[in-house]
Amino acid sequence: MTRNEATAGKGEPGTAAVFHAEGLTKTYQMGEVEVLALRGVDFEIYEGEFVVLLGPSGSGKSTLLNILGGLDVPSSGTVRYRDHDLSVDDDSALTRYRREHVGFVFQFYNLIPSLTARENVALVTEIARRPMKPEDALRLVGLGERLDHFPAQLSGGEQQRVAIARAIAKNPQVLLCDEPTGALDVTTGVRVLEAIERVNRELRTTTVIITHNVDIARMADRVIHLMDGRVASVASNATRVAARELKW
Amino acid sequence: MRAIDRKMWRDLWHLKGQALAIALVIASGVATFVMFLGTLESLQATREDFYRHYRFAQVFAPLKRAPERLRSRVEAIPGVERVDTRVVAPVTIDIPHFPEPVTGVITSVPDRGEAPLNRLYMKSGRRVEAGRNNEVVVSEAFAAAHRLQPGDHITVIIKGRRKTLDIVGTAVSPEFIHQVRPGGVFPDYQRYGVMWMARTPLGSAYDMDDAFNDVVLTLRRGAHPQDVIDRLDTLLAPYGGIGAYERADQPSNRFLSQELVQLRNSSLIFPFIFLGVAAFLFNVVIARLVSTQREQIASLKAFGYSNLDVGLHYLKLVMVIVLFAAVLGLGVGAWLTGKMAVIYMGFFRLPYFEYRLPPAIVASAVLVSVGAGVLGTFFAVRGAVRLRPAQAMRPEPPALYRETLIERAGLKRMFSGPARMILRHLGHRPVKSALTVIGIGLAAAILMTGRFQEDTIAFMMHVHYGLSQREDLSVTFVEPTSRGVLNELRSLPGVEYGEVFRSVPVRLRHGHRSERTVVLGVEGSGELQRLLNTDLRTVQLPPSGLVMTDYLGKMLHVKVGDSVTMEALEGSRRIRRVPVVGLIKQYLGVRGYMDLGALNRLMGEGAAVSGAYLSIDSRYANEIYRRLKDMPRVAGTTVRAQEIRNFRKTMRETMLFWSSLATTFATVIAFGVVYNSARITLTERSRELASLRVLGFTRGEISYILLGELGLLTLLAIPPGLLLGRALCAYIANMVESDLYRVPLVLEPDTYAFAAAMVLLAAVVSGLIVRRRLDRLDLIGVLKTRE
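Note that the protein sequences, when read in sequence, are chains A and B.
For the first sequence, the residue numbers in the numbering used here are 905 to 1152.
For the second sequence, the residue numbers in the numbering used here are 550 to 1336.
If we strip away everything but chain A, and leave its shape as in the complex, we get (with noise of 0.2 Å):
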């Protein structure tokens, strides 16, 4: 695959591109053994952009996210966050960039149980530079009802709404979101599908989301396919298929 071909399809051209990767690869050590999590990676994502990274478990999709959440570096290539070079930032320059750029959404959303979902979202707006209100960001996740719930008190599927309003509350660039289904039955995942796409849709979010869940990727504006740590294909989806309508 060539650079040209992973950076066609959809691409809006004109529109700048959010992440721009180069030869990306990770090498861990896991014990004696050397893993080679991404063997040469290349893409780009663009502003507002809804972007599936699909492969099965070892693919090197979570690697990927992670890098680009600034959560590690690569063993080598580049990647930039719009005109900033992620993959040499030193420990606080890539805290201030989650901080300031990036919102996350994990499977196993990682409330603070001593928390109500308002104090979840505030945690991150305090920090935040332009916050929405954090009862804003939960009415849009549809748990405006819920404000003053500890996690203990709340489904999966409104944890993991919470994460979302958490997630989207600092308003920011790019919402990456790990397996935000894995943990979840189909309706709720749908659900909080639902909250991702609204989030995409209204704020112009650029959205990365990560799955092996091949009908997640159908509401994608473009799909990344992962193996073995390098891309096998990127697809664009004609049409996006709204979330409620997904079944899996």
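Wrong hints could be hidden among the right ones.
Unchecked claim - Pulled from the structure, derived: some chain B residues nowhere near chain A, Cβ distances all over 12 Å:
id	residue
1	N832
2	M1010
3	P1054
Claimed, not checked - Label pairs and their calculated CB-CB ranges:
id	chain 1	residue 1	chain 2	residue 2	range
4	B	L1317	A	Q1077	33 to 41 Å
5	A	L940	B	W562	28 to 36 Å
6	B	I955	A	L1107	30 to 38 Å
7	A	Y932	B	W562	21 to 29 Å
8	A	R1122	B	F852	41 to 49 Å
9	A	R1148	B	A552	48 to 56 Å
10	B	V876	A	V939	42 to 50 Å
For the record, the hints were derived by calculation from the structure and aren't laboratory data.
Note that beta-carbon positions come from the ideal geometry of N, C-alpha and C, so glycine has one too.
With the hints as your guide, set chain B onto chain A.
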């Protein structure tokens, strides 16, 4: 090794920091236990051995003068086993190049052979020999203080006559293990000397030829001491007997016994504080271990390990820590016992130290530690035992948090998100939080006990020497003298002012209670001896009636307005009813006070005085000392400044030892508690903190959440800790209270500040150690794992 045991060792290795912190707390407990009880046992054993082999008397009877033939009548008293009659002579000692007054006492030993009672343990040289008139054996402590050795000479003034003696040996006696001048509290080996001479030469020097002024005796098995004492008192009364007393009241033995009681009490407090804290630490650490190993426990049980196997697995881990700590504690305790022995050997002149660490102490130290371990981990291990495999395979349900009381009280807006996390996390486990606060508080409390002695002794010094006894010199006369002697003293160059006093040994009786003490007759208008009320204000001595130390009042159950029977133990031994007109505050010793004139009238004597208080110009001090030495009627001189210096010197090393020990051990507790709390909070919350890092929180911000909790606990612990410290000091003060001295509860602001600062420092250091681990949080792992 079985696989499950391998797991135990690896778990232990994984927990090494926390295990070590707990082990140090237990070791501190074991070490204090061994130190206090070991020293107690050793001192007791040494004392018993020394008393037995050197035939320490059981009854002591001082008198004025009795002919030697009375001895057989003493021996004839039923119940008496062995008797020795002796001459005891107070002397002034003249040491070249040592201008300050030195006093002492010479006790007679038989001309030939060893004394039947209170034998000497010779440290160097030889005993006095018959026919050599000027030989003397000096106490080893006095010899060391002045670098005297056999072959040297020493000049004493005995009954106003100078006599140069040849030192032939140095010795220790069971009678003078605690060697202080009469009425003193702290030994001063430079200014008070104990010596022994052969009976015949001492008798002729002290005008006691063929007479004695002191009887000591032992009792037959089964004899009733009080019966013997009563008969002895009756027998000796015509000869100026001032009342016989038992070994329990013998001054040296009393001090030593008092110290042993203190050691026993200390051994009951401190070790148990440490072991209590250790039990708590075990509880939190093992509970956390069991909770993180839920799935492992489930697997073990699924494979067929029994509940007992699982329970023993965790208990074994605890026992390895306990036994390691016990061995460490025993070693440190034994070493500290050696250090204590050195201090005690300076304070109590024992000839040797029978080092004892009875197996019973070792066994109980180990047992008590094992007990603390089992008690502390009981609930956690029971939790592991009761866990059902299927239930354990599932993750623990998420913890349900609530808003804390403070937030519900409407203060919620004051707290940021991280601050709320801290508060709710603490409120979520109120018992654990409270125990952590208590643990840290105990560290502050122990730190305060380390400094308490210093504070209270400084205060006692201030009251005793600063407010109450304000003379520069006190001079005592050989026997009651007319008050005209004051003019003689005032005419000495450099003497600025003087007052006289009369000191009468008495027995006070109230109801069935009776105490031997001294009544001091002082001039009502006196400036140098001030009586203080309980608020430490000067009170005027009433023209008649008796004023006494409040503690003496307590011993006799006397209130102001009651009357006591006062029996003078000298002169014509008058017995009179005297009204008690006041109680006064005094920390050292107990005694009664009367107006000088009133006391003279009561004694049926003229204007007799026993001594004088002088204030002097310090430039003339040495000249005054020299002149006083040459005055035949002066029996002894005490210099206040020296007394104070001496007091401080003696206490310094003892206090320094305990305060550095207390500081070390308290730091171990503070560190153990804070470090373990921090580590547990870290494992409990690492996922939360890593999530926050992913969300863009900086290391500083998540450190605030983790360390803020510890900081808050530490700050919460300090005020109750300081109160607890005060209570502990009050308990200690109460414990040592006796007629010898009372310790007021005085704690300087510095002491509170020191305790608070040390606890904070320990918390900061533990915090920093844990903080380093925050830098190694696995940010990626946290995204992939369920809690």
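Verification of the supplied hints:
No Cβ of chain A comes within 12 Å of the Cβ of N832 (chain B); the nearest lies about 22 Å off, and the non-interface call holds. With 12 Å as the threshold on Cβ separation, the claim that M1010 (chain B) sits away from chain A holds: the shortest Cβ distance comes to roughly 54 Å. With a least beta-carbon separation of about 73 Å from chain A, P1054 (chain B) lies farther than 12 Å from that chain, consistent with its non-interface assignment. The supplied range of 33 to 41 Å is met by L1317 (chain B) and Q1077 (chain A), whose beta-carbon atoms lie about 36 Å from each other.
Between L940 (chain A) and W562 (chain B) the beta carbon distance is about 32 Å. The supplied range of 28 to 36 Å therefore holds. Here the CB-CB span from I955 (chain B) to L1107 (chain A) is close to 36 Å, well matched to the stated 30 to 38 Å. Roughly 25 Å separates the CB atoms of Y932 (chain A) and W562 (chain B), a value that falls within the hinted 21 to 29 Å. For R1122 (chain A) and F852 (chain B), the hinted distance range of 41 to 49 Å is satisfied, since their beta carbons lie about 45 Å from each other.
Here the CB-CB span from R1148 (chain A) to A552 (chain B) is close to 52 Å, well matched to the stated 48 to 56 Å. A hinted range of 42 to 50 Å for the beta carbons of V876 (chain B) and V939 (chain A) is consistent with their spacing of about 45 Å.
The structure meets every hint from the earlier list without exception.
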